[in-house]
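A.B. asks: Use these hints to put chain B onto chain A, whose structure you have.
Top to bottom, those sequences are chains A and B. Numbered according to full-length UniProt numbering, the first sequence spans residues 1 to 393. Numbered according to full-length UniProt numbering, the second sequence spans residues 1 to 393.
The hints are simulated quantities; they were obtained by calculation from the structure and are not laboratory data. Be aware that a few hints might be false.
It does not matter which identical chain is meant; a pair holds if it fits inside one copy or across any two.
What the hints assert, rightly or not - In the SDA-like style, the derived pairs of lysine to any residue whose C-alpha atoms are separated by at most 20 Å in a straight line are: (1) K116 / M365; (2) K25 / G351; (3) K25 / M93.
There are 2 protein chains.
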Amino acid sequence: MTRIEAIDLFLLQVPDFDPARDPVKDTLLVRARAGQYEGWGEGEAAPFVSLAAFVTPESHSTSRPVGASVLGQPLEGPADIVAITRRVLEDSMNVLQAPHVYSGVEMALWDLLGKKCEEPVYRLLGYDRAFAKQPYVVIPFAATPEETFGRMRQARQAGYRAVKTGWNGFGSGDIAADGAQLAAAREGLGTDARLFLDAARIWGNDPTATNGYGALLDQFSVEWVEEPFEPAALEAYAEFSRYFGRQRIAAGENIHSVAQARHLFDIGGVGVIQIDCGRVGGIGAARDIARYVDRRGGQYVNHTYTSHLALSASLHAYAGLERQDLCEYPMDPSSLSWAICREHLALGADGKVELPDAPGLGIAMDLHAIQEHLLDVEIRVGENILYRTPNLA
Amino acid sequence: MTRIEAIDLFLLQVPDFDPARDPVKDTLLVRARAGQYEGWGEGEAAPFVSLAAFVTPESHSTSRPVGASVLGQPLEGPADIVAITRRVLEDSMNVLQAPHVYSGVEMALWDLLGKKCEEPVYRLLGYDRAFAKQPYVVIPFAATPEETFGRMRQARQAGYRAVKTGWNGFGSGDIAADGAQLAAAREGLGTDARLFLDAARIWGNDPTATNGYGALLDQFSVEWVEEPFEPAALEAYAEFSRYFGRQRIAAGENIHSVAQARHLFDIGGVGVIQIDCGRVGGIGAARDIARYVDRRGGQYVNHTYTSHLALSASLHAYAGLERQDLCEYPMDPSSLSWAICREHLALGADGKVELPDAPGLGIAMDLHAIQEHLLDVEIRVGENILYRTPNLA
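For reference, chain A alone in the conformation it holds in the complex:
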């Protein structure tokens, strides 16, 4: 029987990080090993805290280290991953950080299992085939509408037909300025492109502050407004969706359980559920949410701004759901996230993103780039070395 022999955690960081140049400073990569197989995953966010949740000493029966629920477990089929997930949720219930590190671990387990079974992960998840998704890219408002126009035109020329924009001042009071930015974005993209807006929690938990914005969304054919409120403001979401319709609101990137997604959808009336596979607890949780939303006529989309390993994991989770035809697509080749993958999910001739027809997640990692970003970490508690950066080889 194949058992999980090793879970290696690697903390990566960009040397001399400059946030103006680079969207991602650091990350936590996970490598799982069993027999002759290995798999890779990536957790989001606060990688050092996630590492701590994996190796922490046991505290009490619901505060066990995530590692204790994973190492040594059998890994023969999908049911084994489901069993491990259940154990993590129960035994690490009071380790708040657990879902973030387990997201990366669980991705690595699916990747490994896919390689062992010689199947792409989406098939192990119960899908017959993978449907291509239309990518949207993220281009925030620039400093001026003119600049915003220029960036949008550039994106359109590069072949993108869907863009999410916003923040950088959006919603901070001047609705005319917001209108000018949206007008520039729409003009730069063309009338046939899809446009989404990220409000970045600008209205806290006050739905009345959104007065007038419905008309603005209509005027520039903005399909949805993302995170108008704080993630936990279910009451504000519910009120907003009563007036704007549920398909007009997107949220969920901060979610870290299936239950939270259900509450956003059922109670908050959020029609577009955005899930980060590196936060929610992994591919299985994302798949369960996608199916829940899809069956109820909602829209599901990934939230991914990290690597194409995480992107691939995110897409496998809802690959087989034909109606769910969009995906968030990280396109910045300047970053750490780009460097650590040897392969990337490129756009096809039709402008869509397809999963590779390969076992597991289908993304080969770049060990050289990983080594270049690898931090040397050591944690000592009493006389025990709790963690030391493992060898990559």
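C.D. replies: Frame of chain A, contents of chain B only:
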């Protein structure tokens, strides 16, 4: 102006821990210093992961270390703590572990501020006076009803008039066995004692599994059943409360935000909200929840199984709410939690617990006992020492 100069984190552990002998294995103590003042707090749970959340390198704008929002901030009055809390919630939003460590930090800030202002914390929180609370102690089902009877009789003779019992097999199928245990508990305690039941999530998220238990609660005058379902199963709680009434359900010990408490109360119909001050984000969050519940006719009670420092913090949070007259009371002097406090909140002649009339939280710490349990920890990331156990002196 007084500014927060140091936050020292101490990881404590029982040497040669035996869970059969001791309920608490480890804990995270926090000492805050500003000018000539110091304050103490205690966070729950998974202390090492919480420590990591305080010292972690900054990852991105919503994944900042908790320490960065606290150190160097002004601390002149209650509004300063509110401002720090807001900053932690925003800047560490994607550090899932943040509420657990901040709970301990925030307690220490209130303790310090109380000493500086020469006021008990409850006055800084806006209460005129502190009402004594009736303590209940936790005595789980023993192996047999006879043993359960004996333990309950002992507790009654020791002066306790309220007990929470349960788990250790409760609800696992044999309703007659559950009835025999409850009968023994009621007989041992006497008819005038208050009795509560902890179901320890035995029914997962399935309200139909609770069939027949309503009659059992009535028969033995059990006031509430605690955590019949998983903490996030709002839908199951809502269904249960429709049949049993909201005052029959208690939950909330795992909560780590004000919003989660509101959802349990408003959506789940949970009438008895149980808050652990060491998990929820500190005294301010607990106070806000207590007021919310109190104004709407619900019941608020603390969840405390750790030290009397944490107990005192928990009581300050709802000290001024006269109708909220119960408190959970940790009584085990064998544990680490007992040892680290020099003073304890003893029962008065009327059997009730009163807060000391002293500045801050009013609990002096036992530095000698702390030193005896102190773990020597060192965390190195690259060339930086991120954490090293500070000196107690």
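A.B. asks: Taking the hints in turn, state whether each one holds.
C.D. replies: Consistency of the hints with the structure:
1. K116 / M365: within (17 Å within a copy, 56 Å between copies)
2. K25 / G351: Neither: 29 Å inside a chain and 56 Å across chains, both beyond 20 Å.
3. K25 / M93: between (28 Å within a copy, 17 Å between copies)
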